[in-house]
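Chemist: Since the structure of chain A is already known, use the hints to place chains B, C, D, E and F on it.
Residue numbers (my numbering), protein chains in the order written: chain A, 1 to 322; chain B, 1 to 322; chain C, 1 to 322; chain D, 1 to 322; chain E, 1 to 322; chain F, 1 to 322.
Think of the hints as simulated: they come from the structure by calculation, not from any bench. Take these hints with a grain of salt, some might be off.
[As the list claims (entries may be wrong)] Calculated pairs, DSSO-like style, for lysine-lysine (alpha carbon to alpha carbon, straight line, at most 27 Å):
{"hint": "1", "chain 1": "C", "residue 1": "K185", "chain 2": "B", "residue 2": "K80"}
{"hint": "2", "chain 1": "D", "residue 1": "K37", "chain 2": "B", "residue 2": "K37"}
{"hint": "3", "chain 1": "E", "residue 1": "K118", "chain 2": "E", "residue 2": "K144"}
{"hint": "4", "chain 1": "A", "residue 1": "K4", "chain 2": "E", "residue 2": "K37"}
{"hint": "5", "chain 1": "C", "residue 1": "K118", "chain 2": "C", "residue 2": "K37"}
{"hint": "6", "chain 1": "F", "residue 1": "K37", "chain 2": "C", "residue 2": "K37"}
{"hint": "7", "chain 1": "C", "residue 1": "K4", "chain 2": "C", "residue 2": "K319"}
{"hint": "8", "chain 1": "E", "residue 1": "K4", "chain 2": "E", "residue 2": "K38"}
{"hint": "9", "chain 1": "D", "residue 1": "K144", "chain 2": "D", "residue 2": "K111"}
{"hint": "10", "chain 1": "E", "residue 1": "K37", "chain 2": "A", "residue 2": "K37"}
{"hint": "11", "chain 1": "A", "residue 1": "K118", "chain 2": "A", "residue 2": "K144"}
{"hint": "12", "chain 1": "C", "residue 1": "K80", "chain 2": "A", "residue 2": "K185"}
{"hint": "13", "chain 1": "C", "residue 1": "K37", "chain 2": "C", "residue 2": "K144"}
{"hint": "14", "chain 1": "F", "residue 1": "K37", "chain 2": "C", "residue 2": "K4"}
{"hint": "15", "chain 1": "F", "residue 1": "K185", "chain 2": "F", "residue 2": "K144"}
{"hint": "16", "chain 1": "F", "residue 1": "K80", "chain 2": "D", "residue 2": "K185"}
{"hint": "17", "chain 1": "A", "residue 1": "K118", "chain 2": "A", "residue 2": "K319"}
{"hint": "18", "chain 1": "B", "residue 1": "K4", "chain 2": "B", "residue 2": "K82"}
{"hint": "19", "chain 1": "C", "residue 1": "K38", "chain 2": "C", "residue 2": "K319"}
{"hint": "20", "chain 1": "D", "residue 1": "K38", "chain 2": "D", "residue 2": "K144"}
{"hint": "21", "chain 1": "B", "residue 1": "K4", "chain 2": "D", "residue 2": "K37"}
{"hint": "22", "chain 1": "F", "residue 1": "K4", "chain 2": "C", "residue 2": "K37"}
{"hint": "23", "chain 1": "D", "residue 1": "K4", "chain 2": "B", "residue 2": "K37"}
{"hint": "24", "chain 1": "A", "residue 1": "K37", "chain 2": "E", "residue 2": "K4"}
{"hint": "25", "chain 1": "B", "residue 1": "K37", "chain 2": "B", "residue 2": "K4"}
{"hint": "26", "chain 1": "E", "residue 1": "K80", "chain 2": "F", "residue 2": "K185"}
{"hint": "27", "chain 1": "B", "residue 1": "K185", "chain 2": "A", "residue 2": "K80"}
{"hint": "28", "chain 1": "D", "residue 1": "K319", "chain 2": "D", "residue 2": "K118"}
{"hint": "29", "chain 1": "D", "residue 1": "K80", "chain 2": "E", "residue 2": "K185"}
{"hint": "30", "chain 1": "F", "residue 1": "K82", "chain 2": "F", "residue 2": "K37"}
Number of protein chains: 6
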Amino acid sequence: MSDKRFQPVSGFDLPRFAGVPTFMRLPFAEEGSDLYKKTDIGLVGIPWDGGTTNRPGARHGPRQVRDLSTMIRTVHPVSKTKPYELCNCADLGDVAPNPAGLEDTLERVTKYYTRLQKDGIVPLSVGGDHLTSLPVLRGLSNGKPLSMIHYDAHTDLFEGYFGGTMYTHGTPFRRAIEEGLLDPKRVIQIGIRGTMYDGEDIEWGREQGVTIIEIDEVRERGHEDIMRQARELVGDTETYVSFDIDFIDPAFAPGTGTPEIGGPDTWTAQQFVRGLRGVNTIGADVVEVSPPFDQSGNTAWVGASILFELLCILTEAHKARG
Amino acid sequence: MSDKRFQPVSGFDLPRFAGVPTFMRLPFAEEGSDLYKKTDIGLVGIPWDGGTTNRPGARHGPRQVRDLSTMIRTVHPVSKTKPYELCNCADLGDVAPNPAGLEDTLERVTKYYTRLQKDGIVPLSVGGDHLTSLPVLRGLSNGKPLSMIHYDAHTDLFEGYFGGTMYTHGTPFRRAIEEGLLDPKRVIQIGIRGTMYDGEDIEWGREQGVTIIEIDEVRERGHEDIMRQARELVGDTETYVSFDIDFIDPAFAPGTGTPEIGGPDTWTAQQFVRGLRGVNTIGADVVEVSPPFDQSGNTAWVGASILFELLCILTEAHKARG
Amino acid sequence: MSDKRFQPVSGFDLPRFAGVPTFMRLPFAEEGSDLYKKTDIGLVGIPWDGGTTNRPGARHGPRQVRDLSTMIRTVHPVSKTKPYELCNCADLGDVAPNPAGLEDTLERVTKYYTRLQKDGIVPLSVGGDHLTSLPVLRGLSNGKPLSMIHYDAHTDLFEGYFGGTMYTHGTPFRRAIEEGLLDPKRVIQIGIRGTMYDGEDIEWGREQGVTIIEIDEVRERGHEDIMRQARELVGDTETYVSFDIDFIDPAFAPGTGTPEIGGPDTWTAQQFVRGLRGVNTIGADVVEVSPPFDQSGNTAWVGASILFELLCILTEAHKARG
Amino acid sequence: MSDKRFQPVSGFDLPRFAGVPTFMRLPFAEEGSDLYKKTDIGLVGIPWDGGTTNRPGARHGPRQVRDLSTMIRTVHPVSKTKPYELCNCADLGDVAPNPAGLEDTLERVTKYYTRLQKDGIVPLSVGGDHLTSLPVLRGLSNGKPLSMIHYDAHTDLFEGYFGGTMYTHGTPFRRAIEEGLLDPKRVIQIGIRGTMYDGEDIEWGREQGVTIIEIDEVRERGHEDIMRQARELVGDTETYVSFDIDFIDPAFAPGTGTPEIGGPDTWTAQQFVRGLRGVNTIGADVVEVSPPFDQSGNTAWVGASILFELLCILTEAHKARG
Amino acid sequence: MSDKRFQPVSGFDLPRFAGVPTFMRLPFAEEGSDLYKKTDIGLVGIPWDGGTTNRPGARHGPRQVRDLSTMIRTVHPVSKTKPYELCNCADLGDVAPNPAGLEDTLERVTKYYTRLQKDGIVPLSVGGDHLTSLPVLRGLSNGKPLSMIHYDAHTDLFEGYFGGTMYTHGTPFRRAIEEGLLDPKRVIQIGIRGTMYDGEDIEWGREQGVTIIEIDEVRERGHEDIMRQARELVGDTETYVSFDIDFIDPAFAPGTGTPEIGGPDTWTAQQFVRGLRGVNTIGADVVEVSPPFDQSGNTAWVGASILFELLCILTEAHKARG
Amino acid sequence: MSDKRFQPVSGFDLPRFAGVPTFMRLPFAEEGSDLYKKTDIGLVGIPWDGGTTNRPGARHGPRQVRDLSTMIRTVHPVSKTKPYELCNCADLGDVAPNPAGLEDTLERVTKYYTRLQKDGIVPLSVGGDHLTSLPVLRGLSNGKPLSMIHYDAHTDLFEGYFGGTMYTHGTPFRRAIEEGLLDPKRVIQIGIRGTMYDGEDIEWGREQGVTIIEIDEVRERGHEDIMRQARELVGDTETYVSFDIDFIDPAFAPGTGTPEIGGPDTWTAQQFVRGLRGVNTIGADVVEVSPPFDQSGNTAWVGASILFELLCILTEAHKARG
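So here's chain A without its partners, still in its complex pose:
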């Protein structure tokens, strides 16, 4: 049973729209504090979008996901998982980025996650654009390539942009594979779609051994079959989960930088995440929620809902690891 101080504020005590909004209404655990030291799962914001080649705004994602996440209750409706009874979960605040410094930010995030890794805290991150996943992986991999289950409309396996720019939100996983942070043979990308530049990203990925499931295959085979394949692919290896909100159709999640029509609905997205049960997840993120492109907050509400799904998965996996 978890520490009482790690229980979220109940909506029966304080209405869900009230109070200072932390992720899931969890306690805020400052670095080095007593709470921090007892934290198992740390929810962290990475408010940065300096790698965005298209529509910006994901820097505002963590703030709005925090806001909307206060509408999430405490028990999973299907698995009945009670994450706050399984582990000590806390909001660790945001990594301090440099909005005008790409390399500086990559270093700051890397350092932050290296520390978390050392402190034994499993991170559940909220971006930020997808380039933020790269320094997270740098911090977590610890010299050993990780597996990854990746939900997205795009592979993010591009070589470069704008005459040789190697670090953008379209390139993180190419860099991660090149740097040995990911084992491409244990990487699966689900939901890929949208018009293409030339397809070189997919080709390169498949050459490395990445399993890429395009949207028509998603529709044809369904979530159960694909998640069975994903679970088999990663086995019991340490697995990172990256969830780009643009995986979901833009009717459901319009607030994102690079929307692609023809995506899955939110129910399907939920099933995909629920299919992660049993996977040895050692970290996860939800990225690319861009509030300025959906001031209603609906996209952030979808993001917060997926975040809770991931939290249930992470707490179960953490518990399972003992």
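Modeler: What follows is chains B, C, D, E and F alone, placed relative to chain A:
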């Protein structure tokens, strides 16, 4: 054949965006007027959201549903039902609520629907938050428990909130069952989903005999099978239909107080309502349309479209009862 | 291989949000210019909504579709079609309409498309309301009735409005059939739904031989079966394709004048258009995108995405014709 | 003292967001009804924007102004005028326009206002685009040129558009002067601003004797001095008042078709209308509120507030005439 | 010099859009904590709108003002006041209201502010609707009538609504005067405007001795003269300041429940608050920010900016009292 | 008289919402083309916001300003300037930035403006965040410090951010002064306001000799007096004009990254720009229009209107220089 005065204004005569907006462009029938006395089906607004524990605004629902409903034409596209030829339908205006008085409002609405019941008018209501269904049931039940088919993301069977508050939009049907207004064994709730406080509402409901169909079962069995069960459950008993707009996925109907992702699309919602044909419906409502959370009016358009579906059902049932 | 000058600006060179927005970032080919003379497929805007009986704004459609279309890349993700290698495609600008002159505008558009037809340019048009399709057909038919595959929530086969007004966005295809521009036996309408005035439009259409597929049939039979029927119906005759954005459910494309709930999602819409492969398409349009009813631009993004699907179809058909 | 049936519903009885929205919550008086026959001041909607050369949507103006007008109370805060005690005021509904027929609509509106004039009802109209003022003047002038006080950013004195189109929302007052409906020497236009085509409209107006006050003069002289001039100019002649919402700066009233920056704020606009006291006003309008360009309803709220100011002026003038 | 722990996070260290949003990026001081005990000025949210007779949503005010307040820097641009060097300021979180219980909420808030008063913390509150000011005054007055400087479009001195409802956001100051919480002869209300029910509120107020400055007087005399009068009126008595966001014109602050056009701009509003220098302020509030009516957050940005103005005033007054 | 090819498309020929949107509907002049060689004044977009420390989105500014600028007509309403008769004006398109490369972008822009300077084209630029003005000045200064008249809420004279980041949108003019691009004694900044970090930016500026006019001085002295001072300060030296849209109050121009309340209205802003007549302007910009924070386009409309004011100034100055 119905009275000529009860025909809606045609879009071929006066464009659909023109004119004073009554529900479905029907005549406004003031209480006690000649029109009122000849009304079979009365469309009524209950502009009140004082039971809302989360995001308010449903008080503005009737106004905007009226506005959007002027885009509805007169013939059902599938059943070919022509409601205005079957019965005399009219807009009765709004119940006068007390925005700052919860108990006062419950009494005002109860009194209003008691009168309607006495006057033999079948009500089709537009909320307002879901607590408004309680006084409607008080007015209609007339000492005999009603059956209910209920579309919603939530059971609304909670015990209480905020240290003992018994009347909120999360509790109406618990109160209704306790008060003997509903026969729980003839109540079916469809579409339940979203994170849970502790599941006590579902447990309590099932103990009373309520049939609760969660969203995964909806997806698995489909609308035809579930509506067959619903029709069997209620048989030919007097049945109330309550349609919470949050039954539908928030991508389709974002303007509501407590959205839950992973819901059905509008086509499925239409099929669920069409499955009510043959049920002895004696009243219905569409609730929880909250215009401030969707200033585009799209949610109200969905609400108006569902309202027409319900109107076809109610007029057919009324005609069938003779 | 196409002329180098007809290549769109790459998002790797100039970010997708930058530059003067032409359709698909193609070159602008002024009438009579050298580029114009070499153009195979001309993308044309018809910014006019004077035939709109309900909510206006489609006059702003071409502008916003141009804006959003700059996010489209160059290769089709499923068919791998590279339209810009198959044909010379260009943005021809907008037809100059008369916002306050219905008949004048019909003449202007007819004249414009008559010229295009004479100049051998295959038009891919962006409306504008659906009445704009009528003068396009007048320009293209050249005395020989065309076939048509038509995606829409409405038949647009009405006789007239407002006491005898024969030209509105609800009547273009009745006029086109009456004028001999379309062969009704080779016309198929897919996606029809929504409440009805009296059904006379559908009756009349079926009497002429038009194949009308209502939404429930769409759901039941699926896109593959229906498109097989469509392809068989038109055979190798010259076929026009008209895509009303309200074919798609308003959750996905809210910015339109006459939304009807219960429509297909965008993935399904894409499959329907992809099913046009092999059809002898000699022109196409996307109409009824009304930006003021969706200032986010999401509807225009859907419109631009469908436009690219149609462009792939048109370029393949053009290439196939030699 | 006015008839009791002409009192608006009080916000103390029925909350201001409740009920079927008529203008100012006044009774709806159907043509020919007993109420109609006793009506002194008729509020009328003209939901038509077929003369709009730029951004459409004013056809939705009357509907949204009705909605917002239910927030207006009954007593003027400065003059203490109680319009509903001075005269019988009623909502007469909307003139039925033809959205796809410019000339047809001009005739319909002319006929409607000719009848009102004959029936002795003073009209207070809500547009609609500014072309709607032309048929109103045709109905009211009765062979005798009227005076006019006109608040606007534009003169609406243009000769024609698009190669000879004589009837647009930029031309009504040129036509009215040409037709002898207005006496140009007793016409004053206040607030003119914005970039110019060539200035021919202003030149022509001044040649006819129209007094045109551009925005810098408005700022310099102030409302008191200008309204003194306006009152002197019209003396005790029958005077029409036309208020284009774009007179006000677009920060205050963005929902309009042709906004021009640098306009007066709403307080100043109120003072300008209040300066009409003592003028022999025989009709007035508020035009060019375009809800799709301000879905918040704020512009309609400004429009409704100005409408009440005009209603106070009209009822006082009507009372004064006996 | 204040405690170092009470310094807000700098925008040079952590970007202004990052981090868990507390008011002004101040530390969160939980009741009873060490920080709490050292707090001089406590910023408190009262997220409740159960007294709202018109458009709801002010319950969401504190959350969004917190969000936007993170863009406020630390030094006043005119007075050069550095509030965080003068006093220990902290975010105390929100009072837990009962969204479905009016009287319960009044008691909860009264109890909360009674405690604050006892603990010697000067409150700067963020509503919530204006009824929340009543229990704040009950908590602060301590048996001795306070003075009040009140910025608002409305007097909030109404007797009752809806047939005898005595507690709404239109009645707090009538109740406060009746209960002896305010000394009406030392109450000044500035900015009053908008159409009136019957003027009884103003009459009653003036009979009690309240100084009521209507908007035309505000425009005529200007802020300096009026604030001189206000300062003289309250002298050195303990003075509460209540700032209803609808004091400001709705073009600047549209997100509020009862907007009235013709109000002052934000620069003028700033001058009015700056005129409070030297007043013995013992508490203040900003109320009626309703985010659902301005999802852009602009109104909350105005609210946060005014909040900082008030914080400077309160810290100076607190410092002056020693 | 200017070349006929440089005339904008007339709104009388092609409605203002139609056509491919270039700045002011001017011809697009590709680098090196014949048109380019004859261009006197080049309108250029710099779609980049990588220096933004707060809310991003200004990268979308040029696109939306182009869109809205098509509503601008051709003659100045007060000065009667006809810019297109004075000079050859053209849209030169956008500088290609690197969204993920700060230094790369600074170089690209510098190179672009160096070329323009060499080619004798006077640039009128649309940002983009304010850091883009730095490379423009690098391109234009040509070794000789320029004078500058600068309208803004902020000095943009900060030393650095985030631990030593020297290039952000808060630092361009400090860098420009340090690099000798501007002569601080001939720089005037008008409109400065908003809460301060520590005031070091203002202090440093004043030490260098920069004339800084804070908002209260603007209100007190008025635009005429301040612009007289500005004209005297720069004399007949080569002067750059930089117009940050946040100079204007956010009620009028909400779509910007760092809004500050209490700013001037648009009429006042127009007078300030009109006061530049006679100044030897050799370039100008409008920056910080951020469409995602105002999807209505109203801010871009303000930006386009100011752009036309600046164009009139630049063409007159260019003409005057012969």
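Chemist: All the hints need checking, so say for each whether the structure fits it.
Modeler: Each hint, compared with the structure:
1. Annotation: proposed proximity of C:K185 to B:K80 holds, straight-line Cα distance about 25 Å (limit 27 Å).
2. Proximity of D:K37 to B:K37 is assessed by CA-CA distance (about 25 Å); at most 27 Å being required, the pair is judged to hold.
3. Between E:K118 and E:K144 the CA atoms are separated by roughly 14 Å; this keeps the pair inside 27 Å, and the hint holds.
4. Simply put, A:K4 and E:K37 have alpha-carbon atoms about 24 Å apart, close enough for the 27 Å limit, and the pair holds.
5. Distance hint between C:K118 and C:K37 is fulfilled; the C-alpha atoms sit about 12 Å from each other, no more than 27 Å.
6. Simply put, F:K37 and C:K37 have alpha-carbon atoms about 25 Å apart, close enough for the 27 Å limit, and the pair holds.
7. Between C:K4 and C:K319 the CA atoms are separated by roughly 17 Å; this keeps the pair inside 27 Å, and the hint holds.
8. A C-alpha spacing of about 12 Å is found between E:K4 and E:K38, which places the hinted pair at or below 27 Å, so the restraint holds.
9. For the given pair, D:K144 sits about 17 Å from D:K111 by alpha-carbon distance, which is consistent with the 27 Å threshold.
10. The hinted pair formed by E:K37 and A:K37 meets the criterion: a straight-line CA distance of about 25 Å does not exceed 27 Å.
11. For a cut-off of 27 Å, the pair hint linking A:K118 to A:K144 stands: about 14 Å separates their Cα positions.
12. Using a Cα cut-off of 27 Å, the hinted pair C:K80 and A:K185 holds, with the two alpha carbons roughly 25 Å apart.
13. Of the pairs offered as hints, the one joining C:K37 and C:K144 holds, with about 25 Å between alpha carbons and a cut-off of 27 Å not exceeded.
14. Taking the CA atoms of F:K37 and C:K4, the gap is about 24 Å. The hint holds against a cut of 27 Å.
15. Under the criterion of a C-alpha separation no larger than 27 Å, the hint pairing F:K185 with F:K144 is consistent with the structure, at around 14 Å.
16. The suggested pairing of F:K80 with D:K185 holds, with an alpha-carbon distance near 25 Å, which does not exceed 27 Å.
17. Annotation: proposed proximity of A:K118 to A:K319 holds, straight-line Cα distance about 18 Å (limit 27 Å).
18. Simply put, B:K4 and B:K82 have alpha-carbon atoms about 14 Å apart, close enough for the 27 Å limit, and the pair holds.
19. For the hint pairing C:K38 with C:K319, the CA-to-CA distance comes to about 14 Å; that is within 27 Å, so the pair holds.
20. A distance of roughly 26 Å separates the Cα atoms of D:K38 and D:K144; the hinted pair therefore holds under the 27 Å criterion.
21. Annotation: proposed proximity of B:K4 to D:K37 holds, straight-line Cα distance about 24 Å (limit 27 Å).
22. Between F:K4 and C:K37, the direct Cα distance comes to roughly 24 Å. Compliance with the 27 Å bound is thereby established for this hinted pair.
23. With a CA separation close to 24 Å, the supplied pair D:K4 and B:K37 stays within the 27 Å bound.
24. For the hint linking A:K37 to E:K4, the alpha-carbon distance of about 24 Å falls within 27 Å, and the restraint holds.
25. Restraint check for B:K37 and B:K4: the C-alpha separation of about 15 Å stays at or below 27 Å, so the hint holds.
26. Restraint check for E:K80 and F:K185: satisfied, since their Cα atoms lie roughly 25 Å apart, inside the 27 Å limit.
27. For the hint linking B:K185 to A:K80, the alpha-carbon distance of about 25 Å falls within 27 Å, and the restraint holds.
28. Only pairs whose Cα atoms come within 27 Å are accepted, and D:K319 paired with D:K118 is accepted, the gap being roughly 18 Å.
29. A distance of roughly 25 Å separates the Cα atoms of D:K80 and E:K185; the hinted pair therefore holds under the 27 Å criterion.
30. Of the pairs offered as hints, the one joining F:K82 and F:K37 holds, with about 22 Å between alpha carbons and a cut-off of 27 Å not exceeded.
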